[in-house]
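A.B. asks: Start from the sequences, fold in the hints, and give me the full structure.
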Amino acid sequence: MKCWRISLLALALAALSAGCGSGRRAVHLVGSETVLPLATVWAEAFERAHPGALVTTTGGGSRVGWRMLREGVADVAMASRPVDPDEAERARAAGVALTPHLVARDAVVVIVHPSNPVPFLTYRQLRDIYLGRVRNWREVGGPDRPLRAITRSRGSGTSQTFIERVFAGAEPYRERVEGALGNGVVHADVAADPAAIGYIGFAFADRRVRAVPLAPRDGEPPVAPTRENITGGRYDLVRPLLFYTNGEPQGVTRAFLEFCRSPEGQRLAEKWGYIPLAGR
Amino acid sequence: MATLLRLCAWVAPLTLLGMFAVLLRESWPFLRAVPLPAFLFGREWEPPALGAGPLFAASLLVVGGALALALPVGLAAAIFLSELAPAGLAARLRLLLEQMSAIPAVVLGAAGRLLLAPVVSDAFGLGSDRPVALVAILTLAVAVLPAFIILAEAALAGVPRRLREAAAALGATRWEQIRHAVLPAAWPGLAAAAALTFGRALGESMIVAMAAGNLPHLPRGLLSPVQPVPAAIVREMGEAEGLHLPALFALGLVLFLFSLGANLLAGRLIRRGVA
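Protein chains in written order, with numbering that gives the first Met the number 0: chain U, 0 to 279; chain H, 0 to 274.
Hints are computed from structural coordinates only; laboratory data are not their basis.
Check each hint, because a few of them may be wrong.
[Unchecked claim] Derived CB-CB ranges, DEER-like: (1) H:Gly63 <-> U:Asp85: 35 to 41 Å; (2) U:Glu163 <-> H:Leu16: 43 to 49 Å; (3) U:Arg175 <-> H:Gly17: 37 to 43 Å; (4) U:Ser261 <-> H:Val106: 38 to 44 Å.
Note that CB positions come from ideal geometry on N, CA and C, so glycine has one too.
C.D. replies: Structure below.
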């Protein structure tokens, strides 16, 4: 179960840092499943460039990252959304100065089966779908086939971004559709099922699913989730990918963060499907 | 040396006690804040609303369904293995069962979600491959079946040969021997096997987290997505805040008590069988 996994992880990380001695050549990153693949790529490149340095990466979700940072197990919390007030308060209470570092951006894309011709969806239609009020694709401009909506658990940054933007100011979100664990599971389900709709990080979208253009307001022209539209600021469901440290980072952690934000790090981000920081 | 051995013998019971203490301590803020009936029978699991009725109902449905399938089939298989199968065949089947019971639950869960869900969807015209309660029931039945057969067969094999011979001497056919001599003598062991299987099915988490659909609503039948208790724990542990986290520990506490109860019952039945 997850809690045991997390405590095991804590133990393993504690053992690792103990083993690395006082030199602090090791950096432990924990958190967002969305950032995890990119962080792993960065870690490998950084280790190649800095022999002797050790960068470990572990998922679990943005919230797990903050918790591990608070408990002193992680050096860096990976997050796919800014910290919320509750979490910030918990960190303050624990004497941890959560310091954010923007390392890249990501978009949340709404995906359907490649055979689904639905031209676009409005946020109103997405709300109807995710509140379980729409049960057939015909009702939202698609073909006459059943509709199966898949969501992520609320701790995921992807789900927070999606729900906050799509439901903002309109009506409260309630869990009315089936849940899945992780970007990968949502992707696999949608790729296999012509009835399905889900949402995942842009970096996870490939040819086996179709990313649908979205219109935040009724009557607005829908915007396709292409790289151009995302970097150009036209696509709405974009969120920051952040590394949080306790205070200003020092030593290897600082060098690693500088590497991630460097042209080389940002080139890797782009190569792996993330949105690099502007004006690099 | 004897002290060391004695210490080792105490590891398991102390761990059990420790787990109970931890679960109680972690769930205490929730249990103190929310009346027990509102937790056990509340109809809405939508944090901050923490009525676990839908989760318990889902667990009952899924575990009940899985046992309703696995117990009769398993009993029939155990009777075949113990009473009817030639020794060579029985040995090979037993080996196979042991292999089957070693399949990790996460593999079965994935198979249920990816392979079984589309079959169920086609069979019932659901129109989508959404995992529903029935998918979890079938997968869970497959997961608990091998161990139940092994346990049930052990119970049948424990029936003294002279009982069968006595029945045969009275002119009983093979079937009558099984029906009137073996099964009655073996029933405490069989019931214990069923109780252990119940405990295992109730606590199984990966299968229900992957193949039940994860919708924390009161089940509307076998073809609705549901979220049994362990699935809620797996899925929500990483994100829980406020009373939600202690509520998940309270769910764990309830599961723990039920499994413990099932195991104690099994132990009692076995002792009665021996006595």
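A.B. asks: Now tell me, hint by hint, if it's right for this structure.
C.D. replies: So, going through the hints one by one against the coordinates:
1. Gly63 (chain H) and Asp85 (chain U) have their C-beta atoms about 38 Å apart, which keeps the hinted 35 to 41 Å range intact.
2. At about 44 Å, the beta-carbon gap between Glu163 (chain U) and Leu16 (chain H) stays in the expected band of 43 to 49 Å.
3. Between Arg175 (chain U) and Gly17 (chain H) the CB atoms are about 39 Å apart, so this pair conforms to the stated range of 37 to 43 Å.
4. The hinted range of 38 to 44 Å is satisfied by Ser261 (chain U) and Val106 (chain H), whose Cβ atoms lie roughly 41 Å apart.
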